[in-house]
Amino acid sequence: MDYTFHWRPVFRKLPDLLEAGLVTMEVAVLAMLVGVVLGLALAIIRMSGLKSITWFAVGWIELARNTPALLQLFFFGFGLGAFGIHLSPFLIVLFGLSFNNAGYLAETFRGGFNAVPPTQVKAARSLGMTPTQAYTRIVIPQVMRVVYHPMTNQMVWSVLMSSLAMLVGYRELAGETQFLASKTYRIFEFFLVTAVIYYVMVKLILAGSRLLSWRLFRY
Amino acid sequence: MIEIEGVRKSFGKLEVLKGIDLAVDKGEVISIIGASGSGKSTMLYCINALEPIDSGRIVVDGVDVHAGDTDVNKLRRNIGMVFQQWNSFPHLTTLENVALAPRIVLGKSRQESTEIARKQLDHVGLADKFDVYPSRMSGGQQQRLAIARALAMEPSYMLFDEVTSALDPELVGEVLDTLRLLSEEGMTMLVVTHEIGFARDVSDRVAYFHEGVIEELGPPAQVIENSTSEQTRRFLANVR
Ligand SMILES: Nc1ncnc2c1ncn2[C@@H]1O[C@H](COP(=O)(O)OP(=O)(O)OP(=O)(O)O)[C@@H](O)[C@H]1O
Ligand SMILES: [Mg+2]
Numbered sequence: 021m022d023y024t025f026h027w028r029p030v031f032r033k034l035p036d037l038l039e040a041g042l043v044t045m046e047v048a049v050l051a052m053l054v055g056v057v058l059g060l061a062l063a064i065i066r067m068s069g070l071k072s073i074t075w076f077a078v079g080w081i082e083l084a085r086n087t088p089a090l091l092q093l094f095f096f097g098f099g100l101g102a103f104g105i106h107l108s109p110f111l112i113v114l115f116g117l118s119f120n121n122a123g124y125l126a127e128t129f130r131g132g133f134n135a136v137p138p139t140q141v142k143a144a145r146s147l148g149m150t151p152t153q154a155y156t157r158i159v160i161p162q163v164m165r166v167v168y169h170p171m172t173n174q175m176v177w178s179v180l181m182s183s184l185a186m187l188v189g190y191r192e193l194a195g196e197t198q199f200l201a202s203k204t205y206r207i208f209e210f211f212l213v214t215a216v217i218y219y220v221m222v223k224l225i226l227a228g229s230r231l232l233s234w235r236l237f238r239y
Numbered sequence: 248m249i250e251i252e253g254v255r256k257s258f259g260k261l262e263v264l265k266g267i268d269l270a271v272d273k274g275e276v277i278s279i280i281g282a283s284g285s286g287k288s289t290m291l292y293c294i295n296a297l298e299p300i301d302s303g304r305i306v307v308d309g310v311d312v313h314a315g316d317t318d319v320n321k322l323r324r325n326i327g328m329v330f331q332q333w334n335s336f337p338h339l340t341t342l343e344n345v346a347l348a349p350r351i352v353l354g355k356s357r358q359e360s361t362e363i364a365r366k367q368l369d370h371v372g373l374a375d376k377f378d379v380y381p382s383r384m385s386g387g388q389q390q391r392l393a394i395a396r397a398l399a400m401e402p403s404y405m406l407f408d409e410v411t412s413a414l415d416p417e418l419v420g421e422v423l424d425t426l427r428l429l430s431e432e433g434m435t436m437l438v439v440t441h442e443i444g445f446a447r448d449v450s451d452r453v454a455y456f457h458e459g460v461i462e463e464l465g466p467p468a469q470v471i472e473n474s475t476s477e478q479t480r481r482f483l484a485n486v487r
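Chains as they are written, first to last, in my numbering: chain R, 21 to 239; chain P, 248 to 487.
Where hints are given, some of them may not hold.
[Unchecked claim] Just a few of them, taken from the derived set where beta-carbon distance is under 10 Å, the chain R residues facing chain P:
#	residue
1	139
2	142
3	143
4	157
5	204
Please keep in mind that the hints were generated in silico from the structure rather than gathered at the bench. Keep in mind the model is a prediction, meaning the values are calculated, not measured. For each residue, glycine too, the CB sits at the ideal point set by N, CA and C.
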């Protein structure tokens, strides 16, 4: 136990770390947005029961949920690289995270739609609502509530998972930390501070989500 | 007037309606009784086109419900329906539950549709529940909410599908009282029910469904009290 802490190098680089934290948020939010759109599409395809395309959605969902996220990231890096397709580190991370998010969110959305009884649509239609009105006014708001918390969790997961980016050479928070730590040899100090930054980011997301949910869901 | 002529309907191989004929006059209350699976609900769903039919005709106020060029959304404004499972919209307050369709389907202003909703909730005895969410109400209250919601479209006809079957016994009365009130106000109603007492007291005519046909049709004094049909008598003996 003769390790002496040296915090000065870390605090000098704190602005760099915080900036990298923003990069993390950026890529995590983007991957979440792409994931929501693709996840919704996958869920709809899977629920459509059209055999010709269902296998595609099921395959995606199965791979995303049952293989390590790191390997999914590697696929868009080294995997595509083997076929001569070289993406920038940012795109590798964005595609990898989006692929994973979409797989999880597809199941979340499917569960959300299944949670709304079909009789709700019947009741809406019996009042003369068009199918579009029944979905936008009656079904979607109820689905939103069911998927809200799983989506929040996925957003948190997206932030934490983005730290894998350091293994494909992208300098978001974890990547930047590794870069600075290896330059100064204050590895423990750097990663401890970075852990705190991740922790705060996640807590902010959770708090924001809770605030928004109070506004959105009054019942 | 609702005219049902020779309506047949199958789900796959199972023929559920095997030639139904029934004419419902303005202001008439018809109770539909019959065993589970005899096709009562399916009949109601066919009247407002929630289910298609295979053959025959259903004409409501001169409009052929199942004709290709019929605007079913428009047709349904005139035919209210209340289900066994009350289907309150859980994300909306009672007031919003009732005001929504007048606003987005009939195109009434927010103010006007809220006014209609207040009136109809008052009508069914829920004047103290405007801003309550359905999850905070009893089944009986939610069922009355469903009735108010249908009435807000000012329909000429109301279809009730076993609206008391899912309720705790002590809540059945308040919903039946609401139906009674509507019948006294002259609403034209088709009421699928297992409440034989209600059918006897309130309806003008009773239709007994048996395996996809109307086995017997007539005033309650005939069908319920003095049925000549062996089937009807056996059914009534069982439900009483
Ligand atoms: N959507 C559907 N798909 C397949 N079969 C159906 C469907 N709806 C009803 N059926 C079948 O049609 C038959 C008649 O059903 P229906 O609901 O009209 O009976 P009911 O007289 O209302 O009975 P209950 O008193 O149980 O409500 C039943 O055998 C039922 O299983
Ligand atoms: Mg039924």
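Hint by hint, here is what the structure shows:
no. : hint : verdict
1   : 139  : 5 Å, holds
2   : 142  : 6 Å, holds
3   : 143  : 4 Å, holds
4   : 157  : 6 Å, holds
5   : 204  : 54 Å, violated
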